[in-house]
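Participant: For the protein sequence lines, the chains are V and L, in the order given. First residue of the first sequence? That's 1 in the working numbering, and the numbers climb one at a time after it. First residue of the second sequence? That's 1 in the working numbering, and the numbers climb one at a time after it.
I should point out that these hints are in silico values taken from the structure, not numbers from a laboratory. These figures come from a predicted structure and were not determined experimentally. Built from N, CA and C at the ideal position, the CB exists for glycine as well. Any given hint could be a false lead.
Straight-line distance between alpha carbons at most 27 Å, and here's what the computed DSS-like set of lysine-lysine pairs gives [stated by the list, open to error]:
hint, chain 1, residue 1, chain 2, residue 2
1, V, K143, L, K45
2, L, K45, V, K83
3, V, K73, L, K45
4, V, K69, V, K83
5, V, K40, V, K56
6, L, K45, V, K56
7, V, K4, V, K73
8, V, K73, V, K56
9, V, K83, L, K36
10, V, K83, V, K73
11, V, K56, V, K69
12, V, K143, V, K83
13, V, K40, V, K73
14, L, K36, V, K69
15, V, K73, L, K36
Computed spacing ranges between beta-carbons, pair by pair [to be verified]:
hint, chain 1, residue 1, chain 2, residue 2, range
16, V, L88, L, L106, 27 to 33 Å
17, L, L88, V, R44, 25 to 31 Å
18, V, I49, L, P86, 55 to 61 Å
19, L, I74, V, E116, 21 to 27 Å
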Amino acid sequence: MTWKTLLDLLLSDSMIKAAVFPGVTFVIVLAMMTVWYERKLLARVALRIGPLHVGKVAGVFQLVGDGVKLIAKEVAVPGRALKSGFVLMPILGAFIPMMIYPFLPFGADWIIFPSEIGLLLAFAVIAVSPIPLLLAAWSSRSKYPFLGMLRLAFQLFAYEVPMFLALASVVVLSGTFNLEKIVAEQASLPYVFPLPLSFLVFFISSIAESERIPFDLPTAEQELVAGWTTEYSGILYELIMLSSYLKLNALMILTVLLFFGGWMGPPIPFLPETITAPFWLLLKSLILLSLVLLFRGVYPRVTIDRLLDIGWRILIPLALINLFAAALLSAYVF
Amino acid sequence: MEMLALSLYTLLAFLTLLVMLLLNLVLAPRESRRGKRVGFECGQKPLEWRWTAFPVEYFPYALIYIAYAVIGVIAFLSALTITAHPELVERVLVFLAALSVGALYLGATLRRLPQRLWSRETR
Numbered sequence: 001m002t003w004k005t006l007l008d009l010l011l012s013d014s015m016i017k018a019a020v021f022p023g024v025t026f027v028i029v030l031a032m033m034t035v036w037y038e039r040k041l042l043a044r045v046a047l048r049i050g051p052l053h054v055g056k057v058a059g060v061f062q063l064v065g066d067g068v069k070l071i072a073k074e075v076a077v078p079g080r081a082l083k084s085g086f087v088l089m090p091i092l093g094a095f096i097p098m099m100i101y102p103f104l105p106f107g108a109d110w111i112i113f114p115s116e117i118g119l120l121l122a123f124a125v126i127a128v129s130p131i132p133l134l135l136a137a138w139s140s141r142s143k144y145p146f147l148g149m150l151r152l153a154f155q156l157f158a159y160e161v162p163m164f165l166a167l168a169s170v171v172v173l174s175g176t177f178n179l180e181k182i183v184a185e186q187a188s189l190p191y192v193f194p195l196p197l198s199f200l201v202f203f204i205s206s207i208a209e210s211e212r213i214p215f216d217l218p219t220a221e222q223e224l225v226a227g228w229t230t231e232y233s234g235i236l237y238e239l240i241m242l243s244s245y246l247k248l249n250a251l252m253i254l255t256v257l258l259f260f261g262g263w264m265g266p267p268i269p270f271l272p273e274t275i276t277a278p279f280w281l282l283l284k285s286l287i288l289l290s291l292v293l294l295f296r297g298v299y300p301r302v303t304i305d306r307l308l309d310i311g312w313r314i315l316i317p318l319a320l321i322n323l324f325a326a327a328l329l330s331a332y333v334f
Numbered sequence: 001m002e003m004l005a006l007s008l009y010t011l012l013a014f015l016t017l018l019v020m021l022l023l024n025l026v027l028a029p030r031e032s033r034r035g036k037r038v039g040f041e042c043g044q045k046p047l048e049w050r051w052t053a054f055p056v057e058y059f060p061y062a063l064i065y066i067a068y069a070v071i072g073v074i075a076f077l078s079a080l081t082i083t084a085h086p087e088l089v090e091r092v093l094v095f096l097a098a099l100s101v102g103a104l105y106l107g108a109t110l111r112r113l114p115q116r117l118w119s120r121e122t123r
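Whenever a hint applies, use it, and build me the whole structure from the sequences.
Facilitator: Okay, structure coming up:
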């Protein structure tokens, strides 16, 4: 391999997509900015100012500072913990949610791995992502992580089924698993109008899947110290946080792709479609994200019996009814 | 082309995490003290871990999960049937209607899911 081939590889379309946008750099910066945005927004809800001093404007570099601080901290492994699992599982836990992004299109051509079964691939990764977290909690071999892990398992099992059923209704209506085609099908009417229940079920399940308030029982600070993350510190804790925000962002982008017409939006003058498409997609997901973050400022936490009740007794029947409605619509209307 | 982009992405994602871990190895102090290796309990020296109670109250949900996981897969397959064989849509509709009515009936009649397998009421 000569220098020229290496240079060609570095400047190739694939490399730019994989490394810059919508690749690794974008994904990590998006996760960091989400944390900053959350802190700023929640501060405003509570009539505070939030991050202010790091960085010239509104503390935008606060998260860089926090990241570097956590990297420079010592990792304390509890004596009783299963060391290999305790160290490896957070790494895997951050890596798996990163693998959702290659299957998400950010525009007609902005996708790392275009595939006919993109939705199925993305969902497969989402379905696998909690397993390392459960194992991480298990390897801590401590009391609070154990209780948090049980709650995490119950919660994720309860909300994965309705999420899956809500996806099925979108597939029935569009007739494809290809996310780009699903977005193209929504050119005239976003699916949130024919499938409102499905959107509701998917949205609530994604909040529960990413452990946000009001469904943050596994890490309930006031009851379980920090739930299943109690024993984690330093870089391993940072990876767990990264994993949770990566998953939240991916789920919000997926919601926009499935129900809000993805990157469809009015054209902006003097800007090509390759720039406006990701802009509209990210703007829509930012609006949804703000809603999810506001829940944290507004709602109290639900109890575990209530949480399981909502999942099994309300969301699943709703998702099934909506699947029936989607089949009816696809047979006789669309 | 796509495969190359996906492999590059996977590699870079892995490398990013690896670099973070390596930086931690270089930057972080390492002072082992016994106190640091103690698990968290409440600030005091923790009690010995012997046995723990598994909350059996939630066991019914595991049973429901097994039932619904199968139903979920079947419902998803029926969705695939509609996209692959549009002429079979009536049969699938009947099936989905039966599933929805059953789920609705359960949701409406069970005011709360049973919290215990065996309780005073069911004795």
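Participant: Hint by hint, say whether it matches the structure.
Facilitator: Results of checking the hints against the structure:
1. Between V:K143 and L:K45 the CA atoms are separated by roughly 13 Å; this keeps the pair inside 27 Å, and the hint holds.
2. As the CA atoms of L:K45 and V:K83 are separated by approximately 21 Å, the hinted pair is consistent with the 27 Å bound.
3. Proposed proximity of V:K73 and L:K45 is supported: the alpha carbons are some 23 Å apart, at most 27 Å.
4. Note on V:K69 and V:K83: the hinted pairing holds, with a Cα-Cα distance of about 23 Å set against a maximum of 27 Å.
5. Our distance criterion of 27 Å between C-alpha atoms is met by V:K40 and V:K56, whose separation comes to about 15 Å.
6. Only pairs whose Cα atoms come within 27 Å are accepted, and L:K45 paired with V:K56 is rejected, the gap being roughly 45 Å.
7. Proximity of V:K4 to V:K73 is assessed by CA-CA distance (about 41 Å); at most 27 Å being required, the pair is judged violated.
8. Straight-line distance between C-alpha atoms of V:K73 and V:K56 comes to about 26 Å, which keeps the hinted pair within the 27 Å bound.
9. The straight-line distance between the Cα atoms of V:K83 and L:K36 is roughly 14 Å, inside the 27 Å bound, and the hint therefore holds.
10. As the CA atoms of V:K83 and V:K73 are separated by approximately 18 Å, the hinted pair is consistent with the 27 Å bound.
11. A hinted pair counts as satisfied when its Cα atoms are at most 27 Å apart, and V:K56 with V:K69 qualifies at roughly 19 Å.
12. Only pairs whose Cα atoms come within 27 Å are accepted, and V:K143 paired with V:K83 is accepted, the gap being roughly 17 Å.
13. Of the pairs offered as hints, the one joining V:K40 and V:K73 holds, with about 25 Å between alpha carbons and a cut-off of 27 Å not exceeded.
14. About 19 Å separates the Cα atoms of L:K36 and V:K69, which keeps this hinted pair within 27 Å; it holds.
15. Of the supplied pair hints, the one linking V:K73 and L:K36 holds, its CA atoms being roughly 13 Å apart against a limit of 27 Å.
16. At about 41 Å, the beta-carbon gap between V:L88 and L:L106 misses the expected band of 27 to 33 Å.
17. Our hint of 25 to 31 Å for L:L88 and V:R44 is violated, since their Cβ atoms are close to 53 Å apart.
18. Checking the proposed 55 to 61 Å range against V:I49 and L:P86 shows it holds: the Cβ atoms sit about 58 Å from each other.
19. Taking the beta carbon of each, L:I74 and V:E116 are about 23 Å apart, inside 21 to 27 Å as hinted.
The structure shown violates the earlier hints numbered 6, 7, 16, 17.
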